[in-house]
Amino acid sequence: MADWIGPLERTVAPPGQRPAWWLRHEFSLQGTPGASLRAASLRLSARGMVEVWCNGVRLGDELLPGYTQYDQRLPLRTLDVGEILVAGPNAIAVLLADGWFRGQTGAMRAADQWGTELSVWLELVVDGRPVVGTGPTWTTGPSHI
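When you read off a place in the sequence shown, starting at 1, and then add 382, the result is the number in our numbering.
Please keep in mind that the hints were generated in silico from the structure rather than gathered at the bench. Check the hints yourself; a few may be wrong.
Computed spacing ranges between beta-carbons, pair by pair [unchecked claim]:
{"id": "1", "residue 1": "T393", "residue 2": "G448", "range": "15 to 21 Å"}
{"id": "2", "residue 1": "R491", "residue 2": "L456", "range": "22 to 28 Å"}
{"id": "3", "residue 1": "Q495", "residue 2": "P401", "range": "15 to 21 Å"}
{"id": "4", "residue 1": "A395", "residue 2": "R425", "range": "26 to 32 Å"}
{"id": "5", "residue 1": "N437", "residue 2": "P397", "range": "23 to 29 Å"}
{"id": "6", "residue 1": "Q412", "residue 2": "G488", "range": "47 to 53 Å"}
{"id": "7", "residue 1": "T498", "residue 2": "A421", "range": "23 to 29 Å"}
{"id": "8", "residue 1": "G442", "residue 2": "V394", "range": "25 to 31 Å"}
{"id": "9", "residue 1": "L390", "residue 2": "G464", "range": "30 to 36 Å"}
{"id": "10", "residue 1": "T498", "residue 2": "G464", "range": "34 to 40 Å"}
Values in this document were obtained by computation on a predicted structure and should not be read as measured data. In this text, a Cβ means the ideal position worked out from N, Cα and C, and glycines have one as well.
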């Protein structure tokens, strides 16, 4: 259901001057309006570093997925969102930045060590079935960061 998506970067700024990007999606879930959905989780992975927000609440305190050997593995994280999602309108936002994937890292401050295009994969699962995934309907724009 989900596809890898990234920001619409018309031109890529030089290393150290690249903005973080917002990727956002609004959706509606069925049920009694305002009622929380207890059995809901969000699964995600990224080529870059992400913070994830659901209905204005930041999920966790980590920058995901953390350091990894991007050419060998991409960690998949699962976050509980059952207390945050509600029946009716909802929104998911991802703040995506270079991080270890294409940021300036190491003693030599080398950029683009693992790739040149940021991307994120996200899937929302409610009651055991995928209901929302990253795809072409998501909006994107540069952040203030």
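Going down the list of hints, with the structure as the test:
At roughly 29 Å, the beta carbons of T393 and G448 sit outside the given window of 15 to 21 Å. With their beta carbons about 24 Å apart, R491 and L456 fall inside the hinted range of 22 to 28 Å. Look at Q495 against P401: about 19 Å separates their beta carbons, and that is inside 15 to 21 Å. A395 and R425 have their C-beta atoms about 30 Å apart, which keeps the hinted 26 to 32 Å range intact.
Under the hint 23 to 29 Å, the C-beta atoms of N437 and P397, about 34 Å apart, miss the expected range. The beta-carbon spacing between Q412 and G488, approximately 48 Å, falls within the hinted interval of 47 to 53 Å. About 38 Å separates the C-beta atoms of T498 and A421, a value inconsistent with the hinted range of 23 to 29 Å. For G442 and V394, the Cβ-Cβ distance of about 28 Å falls inside the hinted range of 25 to 31 Å, so the restraint holds.
Checked against the hint of 30 to 36 Å, the C-beta distance between L390 and G464 comes to roughly 32 Å, which is consistent with it. Distance hint check: the CB atoms of T498 and G464 are about 37 Å apart, consistent with the given range 34 to 40 Å.
Comparing the model with each numbered hint stated earlier shows that hints 1, 5, 7 do not hold.
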